[in-house]
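There are 2 protein chains.
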Amino acid sequence: MSAPQTTRPQSPIGRIPVQDLRPCVDCGARPAKAVVGELVEITATVFREGHDAVNATLVLTRPDGTVEHRLMTCTNPGLDHWVAPIEPEVEGWWRYRVEGWSDPYGTWVHDATIKVKADVDTELMLEEGARVLERAAKEVKRPKAAAAVLATAVKGLRDAAASPLERLDAGLADAVAEELAQRPLREHVSPSAELSLLVERELALAGAWYEIFPRSEGATYDVTEHRWTSGTFRTAAKRLPAIAAMGFDVVYLTPIHPIGQAAKKGPNNTLNARAEDPGSPYAIGSPDGGHDALHPDLGDWEDFDFFVAEAARLGMEVAMDIALQASPDHPWVTTHPELFTTRSDGTIAYAENPPKKYQDIYPLNFDNDPASAYAEVRRVMQVWIDRGVKIFRVDNPHTKPVEFWQWLIQDVGRDHPDVIWLAEAFTKPAMMHTLGKVGFQQSYTYYAWRNTAADLREYVEELAGEASFYMRPSFWPTTHDILTPYMQFGGVAAWKLRAALAATLVPTYGIYTGYELMESVARPGAEEQIDNEKYEYKDRRWADYEPGGPKAGQTLAPYLTRLNEIRREHPSLMWLRNITFHRADDDQVLVFSKRRRVVEESGHSWDDVVLVVANTDPHSTRTTMIHLDMEALGFEPHEGFIAHELITGQEWPWYQDNTVILGPSSEPVHIIHVRRYF
Amino acid sequence: MSAPQTTRPQSPIGRIPVQDLRPCVDCGARPAKAVVGELVEITATVFREGHDAVNATLVLTRPDGTVEHRLMTCTNPGLDHWVAPIEPEVEGWWRYRVEGWSDPYGTWVHDATIKVKADVDTELMLEEGARVLERAAKEVKRPKAAAAVLATAVKGLRDAAASPLERLDAGLADAVAEELAQRPLREHVSPSAELSLLVERELALAGAWYEIFPRSEGATYDVTEHRWTSGTFRTAAKRLPAIAAMGFDVVYLTPIHPIGQAAKKGPNNTLNARAEDPGSPYAIGSPDGGHDALHPDLGDWEDFDFFVAEAARLGMEVAMDIALQASPDHPWVTTHPELFTTRSDGTIAYAENPPKKYQDIYPLNFDNDPASAYAEVRRVMQVWIDRGVKIFRVDNPHTKPVEFWQWLIQDVGRDHPDVIWLAEAFTKPAMMHTLGKVGFQQSYTYYAWRNTAADLREYVEELAGEASFYMRPSFWPTTHDILTPYMQFGGVAAWKLRAALAATLVPTYGIYTGYELMESVARPGAEEQIDNEKYEYKDRRWADYEPGGPKAGQTLAPYLTRLNEIRREHPSLMWLRNITFHRADDDQVLVFSKRRRVVEESGHSWDDVVLVVANTDPHSTRTTMIHLDMEALGFEPHEGFIAHELITGQEWPWYQDNTVILGPSSEPVHIIHVRRYF
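If you read the sequences in order, they're chains A and B.
Counting in our numbering, the first sequence runs from 1 upward without gaps.
Counting in our numbering, the second sequence runs from 1 upward without gaps.
The shape of chain A in the complex, shown without the other chains (with noise of 0.2 Å):
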């Protein structure tokens, strides 16, 4: 008879325990995220009472409802850890748990080979093979021949003819083994809980952004008339083969929409605007419509389509910038009176931030009627949708209900599985973390404030631990909004090393356009750029930079297409787990590694491994002794390798202890790709 139940509140542990399913996010209420293609180690801790052998199986459960069953593998016998690696190959919902199992075959081989040897109980050892072998054959369903391997083996266990050592072999015999780690005789059967994984596409955890104003893009400022004529879609579009050539492979838009004209904001973010001035493109909405219309002077439909249409042509795709807030003069004020708060005195609440006041923006409510207020915002989603995007970066998520966006995300990815949201939530981790939890695919992060190698180091290894599982990070060095004094007063070493970091620590980056140029005047006591583009128009005269031009050179263009160059051809750079540390003898050279097994349709497989040694410092040179952790690298400690060094084409033979030079004479960063002898 069957043992009787644990009953509630005890939930039953399992006749084999399976515990500390991972990944887990939130205790199983989220799915832990991964993309196409990208290695997930599913773990589990599995043990059983007395010396008896267990067993765990992965049991994975595709989106089209296929099942698949992998043996685990025990990879720390004393904390009775095991493992199953996946590499998911579809999007959708997966889902996976663990069956603890107790192992009769494993077990016999254990004892007897012991036994066997020493000829302790020899007769009783052999018989009991046997019957395990024909219990394997009985109770699983296998094929003919596998049968026959079986039966085969329980002949040779009892072949009273042989040596007792040859009556083992047979029970030992290879196609035994592999036989039974197929189709294993599994008793005890103990499954976990089931957790699910959100496969995304690719770009979901890697790719490298360009941001743009496209006002700016072609705008032009006639000397005479003192009057800026804005770029539209089709200037912006001249634009995009250079960011194309680049290497880029999203190219994001600040809001496109109408702008309010009531209290609208001038040149660095100054009050009582001059007409002509283009405002922020932040205050959205105005009598030429809201959210889901575009700004007059950036043309019409059929530009913003030619827009998209080429960036897809140049390999691009486009990112739109949502910013859930109005203008007072947008038509929703009107229309949906109900997704704004109105005072006691009858006035519609505008931001602030006790006492400072936002006059030009109202916030939006979503309490007063979230059913109209979701379906507003859903409506207008499909708008973009429909015209190809499918890329969205929010503006500071963290102001909107959390459930808000989770809802929205689920609902838009029912139909549209392909759209990616990126969280532009600088704020507390823990609304950073939970944004990620409920759906959206990337965040920006804390990068900009993480200059010290010890600082980033800490800040990375967080990100590509088990927050990997729910949060993606992007790292951008700066953005419209952020110069920090490291940008501002770092010199070329700095901007070269902020885009070499951000490209290579993680899958995504992204870089906001002028970062070629340096742009690191800041306004006075803010830590944002001088005459912000949020406010006017910028002429960035990128002719000028090009040869044979008045500032021919004095670009970094050809550095980030380097960086990019890169990216495409080492695919472990576009994982973020894969990474180590490694130590430098100077706290201020931060080197690390990734690696990547990259299996070919052919089969063949090899691992791309790539070494990043950089020094923090944008001021000074340094010379430092860094230590590497050969092993992480694919390599025995004494081995050496040719460090093949991407940026300069240099080509070094390297050990376990190597010398770099890095800083503002030479070179900040080294970027290498680890090759084999032979």
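Read the hints as simulated data drawn from the structure, not as lab findings.
We put the beta carbon where it would ideally sit given N, CA and C, even for glycine.
One should not assume that every hint holds.
Label pairs and their in silico Cβ distance ranges [as the list claims (entries may be wrong)]: (1) A:Gln-488 x B:Glu-41: 42 to 48 Å; (2) B:Gly-525 x A:Lys-117: 55 to 61 Å; (3) A:Glu-89 x B:Glu-68: 47 to 53 Å.
Covered, in the sense of this in silico footprint (three residues per stretch, anywhere, with C-beta under 8 Å from a C-beta of chain B), are these stretches of chain A [said to hold, decoys possible]: (4) 70-80; (5) 357-369.
Put chain B on the given structure of chain A with help from the hints.
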């Protein structure tokens, strides 16, 4: 209209996210544990979008179903970390959840205080305050007097004759704040999942144990006949007053059942025992009976009852050893053959660790007929419970199915919630931890093998951290199976030190009889005592150590007595999670303190603070500076205190940094009562 809902496979996050509710064991599948009166800090991460005020309530459900709401405190705004301390006052299954909510009054207090003082929107803010308080009065049921407080505030806020600041003060009045803390106006209330807290009796956490082999207590050797006469429950009971006088709470008996004769072990674990050898009490079962019977040499049921009653009279409880295995003579072999494993040759499988055989022991099999096996063990347990035994020390629980223990402990606990189970699982961490999770109230630990200051600190920090919510440690410097080289060769300093550390690092500790006599000789090649009491009688001639006896003074009994006195006088030592480690310049000196707020029935409260400084090197006296975390002791860094040393009675004026001299030439350990000067 309410918001559309997020649907499966996502689970809704809630309007005000509540994340990471703790304590949380196995994602909530198992209860967290505490004992009556023990401090448990319920914590959660609670946050919201935007700038409005957020708040959190702990909802606590007692075993009787009564529900209490307690306002939580945000102790780390940057991490959105909220805390509510509880000290559950009754045993049973408690439940707890956290509700996050939006706090309109809190929002108004924040905004109005800033804005009215800066004269921004003054009328508007005062009117909005009045409206919030009107809502609070209307929407939340409250006593008349409390409603009047709010009504007065509303009137004050609208009092056109008063100044704006006077009107503001009406809304901010202490009485208003207190009323709204007690009966808040809560919006968007969002509950976390509900978790369980299993509250058990205090002895489950804290107690001093003393182990004996009852047959040795009062055993006599006839020198002419060369024969031993066994001790009995009656003679062993004569030892109880001395054990009680040393201050122990629990007297633990090794197995007291009939011992098998088949393959009986002789002295020092030899085979071929003589008929007069008593055999190991762990080889349970003979024609005289099995696990439900008494060894005839020890006496009859009346004698057993007398022993238990005598212990109770002296303020002690009896713990019994439960070793679920059988000698080949056990009645189960015939009455319950399904409890054993039959091999293919028809014989019963004995214990083995191939190629070693333990032919005196048949392990039990719980898989042949689990229902029968479970029922039989349950029946046996009831025999002892019915005779007043409430504590069981389980031998090798890691050799039986974990799910069996889970069921047994739950089934016994349903009728006998005061039963305590101690797991002797000297095995790998996963099994040890899981046995705690499924119900064992206490666990033997790796304490005997943690001898350096660094190892002790690391281990106790692990035990006192998250693990403390499911595994309660019992520290034993030696047992009848364990005599480490440290104890073999450490001399008096080691024996004092290891008892003192066990008695103060964790709330439950135990010693094996003879510890007083520092029995440090091991069987050659083994890390256990020579002439082990498992296989023979041992007459320790306790009277010889009494004053006037030939070995007077050659005992640690007074030291152990003092340790137990100190434990009884200092409630801080009865808790586990209240430990703080401090620094010493000498890395072999361990420094830690325990602190507990004690509230007496009168309402008077005081802080009990004990500081322990120990030289873990028993071979050399060491002089070193120690550096105290004064805040952890309840002082400012610049303050001083009276260090009252409780072993020697000395008193010193101590500060943040102090010099200590500890080791074999004086005392190895200071146990200090930290007292304020005033």
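We went through each hint and held it up to the structure:
no. : hint                              : result
1   : A:Gln-488 x B:Glu-41: 42 to 48 Å  : holds (44 Å)
2   : B:Gly-525 x A:Lys-117: 55 to 61 Å : violated (25 Å)
3   : A:Glu-89 x B:Glu-68: 47 to 53 Å   : holds (52 Å)
4   : 70-80                             : holds (count 3)
5   : 357-369                           : holds (count 5)
Violated hints amount to a single one, hint 2; each of the other numbered hints is respected by the structure.
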